[in-house]
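2 protein chains.
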Amino acid sequence: MFFEGPEKKLELAVAPGGPSLRSLGRPYWESVVRAARAKILSSIEGEAIDAYLLSESSLFVADRWLTMITCGRTDLVSAVLKLIKDLGRKRLRYLIYERKNAHFQEYQPANFFDDLKRLRRAAPGKGYRFGDGDDHHLFMYHLDRAHVPDAGDRTLEILMHGIDPAAARIFIQGPGHTRDYIRERSGIWDLRPGFAVDDHLFEPMGYSLNAIKGPHYYTVHVTPQAIGSYVSFETNCLEPGPSRLIERVLSIFRPRSCDVVLFKPSGDGLRARCALPLKSATRQVLDCGYEVSFGHHFAPRVGPAPALELSA
Amino acid sequence: MFFEGPEKKLELAVAPGGPSLRSLGRPYWESVVRAARAKILSSIEGEAIDAYLLSESSLFVADRWLTMITCGRTDLVSAVLKLIKDLGRKRLRYLIYERKNAHFQEYQPANFFDDLKRLRRAAPGKGYRFGDGDDHHLFMYHLDRAHVPDAGDRTLEILMHGIDPAAARIFIQGPGHTRDYIRERSGIWDLRPGFAVDDHLFEPMGYSLNAIKGPHYYTVHVTPQAIGSYVSFETNCLEPGPSRLIERVLSIFRPRSCDVVLFKPSGDGLRARCALPLKSATRQVLDCGYEVSFGHHFAPRVGPAPALELSA
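Order-wise, the sequence lines are chains R and P.
At position 50 of the first sequence (counting the first as 1) the number is 49 in numbering that gives the first Met the number 0, and the numbers step up by one without a gap.
At position 109 of the second sequence (counting the first as 1) the number is 108 in numbering that gives the first Met the number 0, and the numbers step up by one without a gap.
Hints may be right or wrong, so weigh each one.
A pair counts as met if it fits within one copy or between any two copies, since identical chains are not told apart.
Here are the simulated DMTMM-like pairs of lysine to aspartate or glutamate, each with C-alpha atoms no more than 25 Å apart in a straight line [what the hints assert, rightly or not]:
id	residue 1	residue 2
1	K116	E105
2	K89	D267
3	K116	E308
4	K116	D85
5	K125	E308
6	K125	D85
7	K89	E44
8	K84	D189
9	K89	D149
No wet-lab data here; the hints were simulated from the structure.
The following block holds chain R by itself, in its conformation from the complex (with noise of 0.2 Å):
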């Protein structure tokens, strides 16, 4: 009956020297989502990227660098403790774990504290929480370790909470709904030109999209349902800027409500501004060289809404 679309999300980049992440190869990777609880469906190979689409997420996997994002009831932490002792805690230039405030958070294995602790044992690391606790939250882990990101090392996510019904409507299963469907009617192909993609649609509902093209990639994940509807959408790249990019992809779901969070190399003077009113916002320069905003916006209603009756 209930999906848990919010996130948790790793990123994390070796240092130069010893052997690719890629060079790794599929067998690893496989093992490395298990430790997860989740499981690779596809992948599409790239020129600088290995885009996995998972079971439950995505893990983009380049050379020196990886982000995993798994949704559901996955431990991510498990795939991170296993990656810090696979790859050595010292090989890490940086390692960034987080977590959005979960839609029904007794159903999950641990909560962000819980994490934290385990975490913290493998490697030191600093823990924040952006937004009030009893809101729309993102709770971060980073290791410890002073770290200057490259310039136009920046990530943009845009967290969305409950769908307009119209446009979730799209991704559900049913006669004449395939990929090829979405692929024409949704939009999210065509959000950035020219970049490979590969989808997947959940039976009966749920979808998930992985493109790449060189060093980049976005990724969207759907979660339809009409309790706890929600889309992520992550990218690296910026084109044709940040708030374009909100703005598009917001025509396309038309959320009740949605976090925009921006991470950049710290002193980089890029916003990332929604159209949308802020209900709160966050932001923090972290001692591994990102600076990360978080912001909570919410769209209008005209008068109150009916309550929603639960069924037996």
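Based on the hints, put chain P in the right spot on chain R.
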């Protein structure tokens, strides 16, 4: 480390005839409170209402109705089931159970969907959610029985999240922070004139107040903890008008956000206005004769806040 301030609440009334609820006596009410995993700490007897101050919140018992509010990790549904059995389902005029979304749902013994199953096995009823599932929301069950509330049968709840630290500090034990200090400095003893008051300052922090006068009560529960700070105010005495009352209560606690919940007879034109901007509003006429409105409001902030660093 974490205390769950947001409450569960029961309100029920019995048909005329049969013994008064007050006449059931303190040992009986001790057994009801125990069923919810709480204890009676003290009590005051009024003209029309007995007010019990509990280890987790409050119980008000009049001859024909009662209101029971419990916070923390209590199991209020067990007390509700005991009352349905002891009083007899047929004798109930109405029964409403509600539950605010928790700050730390993972530490609760059950969620509302579990509650709803147990309640419906004992008495057919409807379930509702006021507000979006990913946002502040209120769950509600009511016995499926037609009822016509008396004119003026109104209840106002103000549920406040993220209390101003200076306001919260008054309710944390320390040198000079006695009940008398709270009485003089907090402003909550003077919310309505002429009420008999009972209160309790918890170790090491937390504060509860029960106040009664004739057929009226008001109650305040303060969770001043830095993580998950929360205050609830509830009353069935809407003088000098709900909007004035909201303004006075908010001026004491200056929360980052609040929910305003108003119960009134269906068709009653009363409105509760809150000066803070509205994020979302829900209104529903229940088959048991009440119209319930739920609004979530927030205090606008200027500029982004820093992230909260979480200690090891």
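- Numbers of the earlier hints that this structure fails to satisfy, in rising order: 2, 7 and 8
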